[in-house]
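Got chain A; can you put chain B on it based on the hints?
Number of protein chains: 2
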Amino acid sequence: MSLLVVGSVAFDAVETPFGKRDRMLGGSASHFSIAASFFTDVRVVGVVGGDFGKSESEVFDRHNVDTTDLEIIPEGKTFRWSGRYEYDLNVAHTLETQLNVFAGFQPKLSDGSKKTRLAFLGNIQPDLQRGVREQLPNAELVALDTMNLWIETTRDSLQKTIEVVDLVIINDAEARQVADEPNLIKAARKILSWGPKTLIVKRGEYGAAMFTKDAYFAIPAYPLEAVFDPTGAGDTFAGGLMGYLASQDKLDEAALRRAMIFGSVMASFNVEEFGTERVQRLTHEEINQRFRDFKRFTHFEEIPFQKAERAV
Amino acid sequence: MSLLVVGSVAFDAVETPFGKRDRMLGGSASHFSIAASFFTDVRVVGVVGGDFGKSESEVFDRHNVDTTDLEIIPEGKTFRWSGRYEYDLNVAHTLETQLNVFAGFQPKLSDGSKKTRLAFLGNIQPDLQRGVREQLPNAELVALDTMNLWIETTRDSLQKTIEVVDLVIINDAEARQVADEPNLIKAARKILSWGPKTLIVKRGEYGAAMFTKDAYFAIPAYPLEAVFDPTGAGDTFAGGLMGYLASQDKLDEAALRRAMIFGSVMASFNVEEFGTERVQRLTHEEINQRFRDFKRFTHFEEIPFQKAERAV
Numbered sequence: 000m001s002l003l004v005v006g007s008v009a010f011d012a013v014e015t016p017f018g019k020r021d022r023m024l025g026g027s028a029s030h031f032s033i034a035a036s037f038f039t040d041v042r043v044v045g046v047v048g049g050d051f052g053k054s055e056s057e058v059f060d061r062h063n064v065d066t067t068d069l070e071i072i073p074e075g076k077t078f079r080w081s082g083r084y085e086y087d088l089n090v091a092h093t094l095e096t097q098l099n100v101f102a103g104f105q106p107k108l109s110d111g112s113k114k115t116r117l118a119f120l121g122n123i124q125p126d127l128q129r130g131v132r133e134q135l136p137n138a139e140l141v142a143l144d145t146m147n148l149w150i151e152t153t154r155d156s157l158q159k160t161i162e163v164v165d166l167v168i169i170n171d172a173e174a175r176q177v178a179d180e181p182n183l184i185k186a187a188r189k190i191l192s193w194g195p196k197t198l199i200v201k202r203g204e205y206g207a208a209m210f211t212k213d214a215y216f217a218i219p220a221y222p223l224e225a226v227f228d229p230t231g232a233g234d235t236f237a238g239g240l241m242g243y244l245a246s247q248d249k250l251d252e253a254a255l256r257r258a259m260i261f262g263s264v265m266a267s268f269n270v271e272e273f274g275t276e277r278v279q280r281l282t283h284e285e286i287n288q289r290f291r292d293f294k295r296f297t298h299f300e301e302i303p304f305q306k307a308e309r310a311v
Numbered sequence: 000m001s002l003l004v005v006g007s008v009a010f011d012a013v014e015t016p017f018g019k020r021d022r023m024l025g026g027s028a029s030h031f032s033i034a035a036s037f038f039t040d041v042r043v044v045g046v047v048g049g050d051f052g053k054s055e056s057e058v059f060d061r062h063n064v065d066t067t068d069l070e071i072i073p074e075g076k077t078f079r080w081s082g083r084y085e086y087d088l089n090v091a092h093t094l095e096t097q098l099n100v101f102a103g104f105q106p107k108l109s110d111g112s113k114k115t116r117l118a119f120l121g122n123i124q125p126d127l128q129r130g131v132r133e134q135l136p137n138a139e140l141v142a143l144d145t146m147n148l149w150i151e152t153t154r155d156s157l158q159k160t161i162e163v164v165d166l167v168i169i170n171d172a173e174a175r176q177v178a179d180e181p182n183l184i185k186a187a188r189k190i191l192s193w194g195p196k197t198l199i200v201k202r203g204e205y206g207a208a209m210f211t212k213d214a215y216f217a218i219p220a221y222p223l224e225a226v227f228d229p230t231g232a233g234d235t236f237a238g239g240l241m242g243y244l245a246s247q248d249k250l251d252e253a254a255l256r257r258a259m260i261f262g263s264v265m266a267s268f269n270v271e272e273f274g275t276e277r278v279q280r281l282t283h284e285e286i287n288q289r290f291r292d293f294k295r296f297t298h299f300e301e302i303p304f305q306k307a308e309r310a311v
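Protein chains in written order, with numbering that gives the first Met the number 0: chain A, 0 to 311; chain B, 0 to 311.
Only chain A is shown next, with the shape it has when bound in the complex (with noise of 0.2 Å):
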């Protein structure tokens, strides 16, 4: 196994000003492992119920995702989200949240996913984040994402399941909330203390930053004219950014910058349209080109300052 993500898989119901599903796939272990299989083999450990169908099924199965550990409950139901998003779609509203079968959810691994070179520890209650840490003592890499909700009534356990992984690939504000510290850097700095190597801070239409001891890297997002439906765009981001990772020999900081390259790109092109219709439809060289576009809307020439000599 290269890739084990752990986390919800779903049936999202969304409303923008530009139209309406009812029901799609969504959930983070969806986006991520979509987002992920266009680098790497992924595997999903999750929960579903009985009202979970072929179409769903074919959609891993198309993009070559392992559903072994993708357990079915037959006389449960599916989690449910549904969500509205106003004009400005940084403005979103959570209409209804449906756990069903995964309130109850116990991440089961496999021996074959124990053995796991890289994990992502998608956005769950901490303790079972931690549980499934703890399985993967050889892993190379393990990451983790998180929400308000956790840092908010599960602050211990959730600093406890940091100290534990290499890598925390999260937002903003969740950042400033999780240190208690209004200033970024700083706020970096109090999280790289208590164990990981890594930070990743998802800063949305601002781009991406991270943060290791020693070095600071950031990029802008990719620029849209047009933003149709922002869910799942974190999770597409971190499953990008880890299955570039997963497809290279040596997890670096330079595979570290490319990969936060990659995780944009695919968020980028994620809420271009509903849920995971467009990633679906992805193509490698659609992926490289935007690659490729960001060098361009990045790059400066290092030239050294020279004072200009001063006109008569």
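Among the hints, a few may not be true.
One copy or two, it doesn't matter: identical chains are merged, so the pair holds either way.
Here are the simulated lysine to aspartate or glutamate pairs, EDC-like style, with alpha carbons at most 20 Å apart [unchecked claim]:
hint, residue 1, residue 2
1, LYS107, GLU57
2, LYS185, GLU224
3, LYS212, GLU224
4, LYS249, GLU300
5, LYS76, ASP50
6, LYS212, GLU252
7, LYS294, GLU252
8, LYS185, GLU272
9, LYS19, GLU139
10, LYS76, GLU284
11, LYS189, GLU224
12, LYS107, GLU276
13, LYS107, GLU85
14, LYS185, ASP292
15, LYS113, GLU139
16, LYS294, ASP213
17, LYS185, GLU162
Honestly, the hints are just simulated from the structure, not real lab data.
A quick note: this is a predicted structure, and the numbers were derived from the prediction, not measured.
Just chain B now, with coordinates in the frame of chain A:
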């Protein structure tokens, strides 16, 4: 003349959670010209009162800022602004604005000033900006800044002024507001359609972005653990940017990209202490160092994406 700036010269009183100053040199033309002076010759067009003293003049003199066109009205008082920042320095409160002699400001350009190669029209009433623009028919590049007040009260005049400049340097919210378009990429396209060849958008702690008809360029901000006083950061950014441009023979896109880095470098120093205090003490070596830091913060390898071989 290399570079002309038209704008306010003021006394600022600033309170932050970290300290306060009752009266220090401020205003857009002050911040701009001191920053620009590290790169080129710069002349200020502005107005002050009889209370403008020797210690303030000396700051300009020390930086070789030409004050030939800084009008002194002995019986009047200099523009005063007082503001307070909260612990989150993005939250600013204006406590008092006394326009004084600035209320009747009519920019007067000496013959030497009319021959300037570059000019920056700081944030003043757009009719006045346009009046200055018309006196510089041979300038190679004229830039402007503005603010929400002018967008709200003098929109038509502002648009006419934007139509006759080469470069617009405004912040994120102003760009969206002036274009009446919440998506920044669309807003940029609209502003460029009015005439300017280039739009540079300041995004505070998120960096800056440049738009031309054919290109996009974006950079993060310099990461700072402690921001002390953000007053004048935007004008210092513009000063570093325009000052560097004035030092260059070719004002092409490559020069504009490097100029944005120098603008960001100067702004990063500006916010580290009150008013212009930190920038006044700068050395070229310190400026160079942060330019090189930017290269490190933004570099990634241009590697063609290869899908990993599937593991067995």
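Now the hints, each set against the structure:
1. LYS107 - GLU57: Cα proximity of LYS107 and GLU57: none, with 22 Å in one copy and 73 Å across.
2. LYS185 - GLU224: Between copies only: 6 Å across chains, 33 Å inside a chain, cut-off 20 Å.
3. LYS212 - GLU224: between (36 Å within a copy, 14 Å between copies)
4. LYS249 - GLU300: between (28 Å within a copy, 14 Å between copies)
5. LYS76 - ASP50: The answer is within: 6 Å in one copy meets 20 Å, while 76 Å across copies does not.
6. LYS212 - GLU252: within (11 Å within a copy, 34 Å between copies)
7. LYS294 - GLU252: both (17 Å within a copy, 15 Å between copies)
8. LYS185 - GLU272: Intra 36 Å, inter 18 Å, cutoff 20 Å: inter-copy only.
9. LYS19 - GLU139: Neither: 41 Å inside a chain and 50 Å across chains, both beyond 20 Å.
10. LYS76 - GLU284: Neither: 38 Å inside a copy, 64 Å across copies.
11. LYS189 - GLU224: So LYS189 and GLU224 pass the 20 Å test across copies only (12 Å; inside, 36 Å).
12. LYS107 - GLU276: This pair counts as neither: shortest intra-copy Cα distance 29 Å, inter-copy 60 Å.
13. LYS107 - GLU85: For LYS107 and GLU85, the Cα distance exceeds 20 Å both inside one copy (38 Å) and across copies (48 Å).
14. LYS185 - ASP292: between (31 Å within a copy, 18 Å between copies)
15. LYS113 - GLU139: within (12 Å within a copy, 65 Å between copies)
16. LYS294 - ASP213: between (23 Å within a copy, 15 Å between copies)
17. LYS185 - GLU162: within (17 Å within a copy, 43 Å between copies)
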